[in-house]
Amino acid sequence: MISRVADHCFWFGRYIERAEATARMLAASVSLALDAELPAAQVWRPVIVVSGEESRFRNRIAGDDDDHPAWGDAELVQRFMVWDEDSVVSLTRSIQGMRWNARSIREVVSHEAWEAVNELHLWMRDDASHLTYAQHREGFYQHVRRATQLTLGLLRSTMLHDEPLDFMWLGVLLERINQTARMLDVHHYAFTQASGRHEVVETALWLSLLRALSGSEAYLKRAAGRISSEGVARFLMSEPAFPRSIAYCVHSAYSRLCDIRPPDSHDLPGGASLERLRVLDAWVGARRTEPVSATGVHELLTHVVDEVHDICETIGRELLGATPAPAS
Amino acid sequence: MVQSQSQSQSQGPGSGLFEGYPPLAGTYDEMFGDGGVARAPFARVAALLAKVAPDELARSQALAETALLHQGVTFSVYGDARGTEKIFPFCLLPRLIAADDFRRLERGLQQRLRALGMFLDDIYGDQKILAAGVVPAEMILGAAGYRPMLRGVKPPGGVRIHISGVDLIRDADGTWRVLEDNLRTPSGVSYVVENRMLSKRMFPRVFDTARVHRVDHYPTRLAETLRSVAPTDASSGDCNAVVLTPGTYNSAYFEHSFLARTMGLELVQAPDLFVDGDKVYCRTTRGPRRVDVIYRRTDEAFLDPEVFRPDSMLGVPGLMRAYAAGNVALANAPGNGVADDKAVYPFVPDMIEFYLSETPILEQVPTYVCLFDDDRKYVLEHLDQMVVKAVDEAGGYGMLMGPQSTAEERDEFRRRIEAEPRRYIAQHRIELSSCPTWISERGAVEPRRVDLRPYILTSREGPWVLPGGLTRVALKRGSYVVNSSQGGGSKDTWVMKDA
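Chains A and B, in that order, are what the protein sequence lines are. Under this note's numbering, think of the first position of the first sequence as 1, with each following residue one higher. Under this note's numbering, think of the first position of the second sequence as 1, with each following residue one higher.
No wet-lab data here; the hints were simulated from the structure. Predicted, not measured: the structure shown is a model, and the values here were computed from it. Heads up, the beta-carbon is just placed ideally off N, CA and C, and yes, glycines get one too. One thing to keep in mind: the hints can contain errors.
To be verified - Subject to a maximum C-alpha distance of 20 Å in a straight line, what follows is the list of computed SDA-like cross-link-like pairs (lysine to any residue):
1. B:Lys86 x B:Ser485
2. B:Lys51 x B:Ser15
3. B:Lys128 x B:Glu358
4. B:Lys200 x B:Ala25
5. B:Lys86 x A:Glu115
6. B:Lys377 x B:Ala325
7. B:Lys86 x A:Asp126
8. B:Lys200 x A:His111
9. B:Lys200 x B:Phe88
10. B:Lys476 x B:Met401
11. B:Lys154 x B:Ala325
12. B:Lys476 x B:Ser15
13. B:Lys476 x B:Glu446
14. B:Lys86 x A:Arg125
15. B:Lys128 x B:Ser357
16. B:Lys476 x B:Glu65
17. B:Lys86 x A:Glu119
18. B:Lys86 x B:Gly487
19. B:Lys86 x A:Gln96
20. B:Lys51 x B:Phe207
21. B:Lys476 x B:Ala25
22. B:Lys86 x A:His111
23. B:Lys200 x B:His217
24. B:Lys476 x B:Ser440
25. B:Lys377 x B:Ala407
26. B:Lys200 x A:Glu112
27. B:Lys86 x A:Met1
To be verified - One side only, chain B facing chain A, incomplete, derived with CB under 7 Å:
28. Arg261
29. Glu266
30. Thr284
31. Thr285
To be verified - Label-pair restraints from in silico Cβ distances:
32. A:Gly285 x B:Arg214: 55 to 65 Å
33. A:Met159 x B:Gly487: 36 to 46 Å
34. B:Gly277 x A:Ser55: 33 to 43 Å
35. B:Gly478 x A:His161: 27 to 37 Å
36. A:Met159 x B:Gly277: 50 to 60 Å
37. A:Arg79 x B:Met149: 55 to 65 Å
38. A:Leu268 x B:His70: 33 to 43 Å
39. A:Met159 x B:Pro204: 26 to 36 Å
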């Protein structure tokens, strides 16, 4: 497979997952703001922090002032996260990235999946999306979520299960690890720091985090209805059967990369990426039984995010043509 | 049986949708003959189309345009910073071609392509036709498309014009004439296939009754054509053919990806390829992979910076060395521009007689070559009646439409012709035939002028003509220019099977 094409596949996957995660997080935050009696800044500030856009938000809007009203301005934060062309994580940018990568490999993406991507792109540029956004916010996020989920489903059900799809899925999984890790890190810190909160509020917060990761139903099944910070953190980090847990995603990403570059084919490029991902998989697996503490969670998640960052770079260099392959 | 009888009796032609259809004076209409009666081979289809209600057609047209936009069947608008893409305007009402007519066109096109191929072999070989004085040597050797460095290079598989799109028009008598040969990188075939899908979706019943030749096997035939010319050391089983595109910002990018997808080939860009030891390789996730055949949709000036444009960063350094060594086939072969030069066009009938000893089957448009003193004198004296074209421009650019021109425009062209006579040819304006065309703004069917671009694939076994083609239509009222860059659109072209 052509390295440039693989690169587009990989980023196509990352942008789909990023768009879906952003839409899900925003919808969950809207709902949380209604449910929990929390100061608005405690709902909306984590949205900016999780997305990694805190410094841009400060530069553009809030400045050094931690008490700036913008942190709690639901409309302002959502506008920033949805429509802002300069914010690299905005839905607008993610959908543009999704569509641009798909169009660059139009002959690789199946017709049905391409149509789903293109329709979402056209919808975002059309008045219809702005109207829905203004009149029916939840419907807006739902539209984006469904369109991205449809795309992911169509990719798996209409494309050959071989290298291009493996690269797309590798992108989806590595992006998903980041999303879960950041969400958990920010919320775990915020929720466990503030002590003496009413139990009902506490429960609402953890449920909201689970909903933002489409994990509330799955968690309740595993935990038989008991909601605790330790339980939720352990579930999101280690539950091997939950498709958004870090353990699941790291392990699946490793399997995808094994298909792309089998461990025993030593003459093929990609060896360093594979080894690094294998080590991370083993490391996450070994942490499964360790007791959960606030600082432990933060250290684990930081390590995961840093490793994923480096693994993506190594994959780019070894497989995606960041440096051209030498002549045989 | 019963059904088709009742259909043909229910409504006469020239009624319904076509009620009050005003044919253009002095123009051949493709569907309706004298007195507004549908031409015999099309009577049944015309009667069925007449029954389509105008608002239903308007709705179908809008639906079809949405479908094209959603599928991304678009071309990029150059110079638009936001990367706007537009659909190629089209009209759902098909252009019909009778079985007998097409059979003759097919024979004529095959004959023409055989002769043009032999001409190119000759020009890049012994140049017998120049020695015989059939075509003036200065005309050929001075052509912008002639590449002296390719003389003596034999293309793998012996084919040079793998893909061509020959533009045909019909004059006031209904006589088919070749307007120009496109032997380099003709585009538009993806619209032929896409327009057909729309026809079938929007007019299933009419289409079913009409008995039309299919066009959706074009990509399969193209893939076979490409494989047939693989260099001898590539066994056909694992022949690696690729489509080379300049990239997503090219206006025809949709077509490049369409062809790659429908042939199941990789779509590559120049940086994906490299040359080592006069062999071409592709950079892949599993290391270098050999490439045998390249269907290149890039201009030949940007193929290889070592040869054509030393100042250019575009292209694949060493590609022409690999080609000259016979290690990679390029479709179409570089150097073809010498044969579709508009000033060489008037000599194609002579080529057919010289190489094939046959009488040309297809008529041409009488052409004045400004390089010749007598021709130039005539052209300059009759500028207000002539269509003047630059020999090396396309897309409707660099053209003077004499009868519609201003005195200033004519003076400008007079100066240009006198300065560079080799660059210009002139023809009398042909009253292009017209087709009933749905005009959305007016909510009515009106005649608009059309041309036809059939596609011809030439493999080792010889030329094959796709039974269909791109009908381009001048959507602006009174216009003779069908190019998409100048307000042209397209129609599906229905080549009828024998009755």
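Against the structure, the hints come out as follows:
no.	hint	verdict
1	B:Lys86 x B:Ser485	12 Å, holds
2	B:Lys51 x B:Ser15	8 Å, holds
3	B:Lys128 x B:Glu358	18 Å, holds
4	B:Lys200 x B:Ala25	32 Å, violated
5	B:Lys86 x A:Glu115	16 Å, holds
6	B:Lys377 x B:Ala325	47 Å, violated
7	B:Lys86 x A:Asp126	15 Å, holds
8	B:Lys200 x A:His111	18 Å, holds
9	B:Lys200 x B:Phe88	18 Å, holds
10	B:Lys476 x B:Met401	15 Å, holds
11	B:Lys154 x B:Ala325	9 Å, holds
12	B:Lys476 x B:Ser15	24 Å, violated
13	B:Lys476 x B:Glu446	11 Å, holds
14	B:Lys86 x A:Arg125	14 Å, holds
15	B:Lys128 x B:Ser357	15 Å, holds
16	B:Lys476 x B:Glu65	18 Å, holds
17	B:Lys86 x A:Glu119	15 Å, holds
18	B:Lys86 x B:Gly487	12 Å, holds
19	B:Lys86 x A:Gln96	17 Å, holds
20	B:Lys51 x B:Phe207	14 Å, holds
21	B:Lys476 x B:Ala25	17 Å, holds
22	B:Lys86 x A:His111	19 Å, holds
23	B:Lys200 x B:His217	15 Å, holds
24	B:Lys476 x B:Ser440	12 Å, holds
25	B:Lys377 x B:Ala407	18 Å, holds
26	B:Lys200 x A:Glu112	19 Å, holds
27	B:Lys86 x A:Met1	31 Å, violated
28	Arg261	4 Å, holds
29	Glu266	6 Å, holds
30	Thr284	5 Å, holds
31	Thr285	5 Å, holds
32	A:Gly285 x B:Arg214: 55 to 65 Å	56 Å, holds
33	A:Met159 x B:Gly487: 36 to 46 Å	39 Å, holds
34	B:Gly277 x A:Ser55: 33 to 43 Å	51 Å, violated
35	B:Gly478 x A:His161: 27 to 37 Å	56 Å, violated
36	A:Met159 x B:Gly277: 50 to 60 Å	35 Å, violated
37	A:Arg79 x B:Met149: 55 to 65 Å	59 Å, holds
38	A:Leu268 x B:His70: 33 to 43 Å	39 Å, holds
39	A:Met159 x B:Pro204: 26 to 36 Å	29 Å, holds
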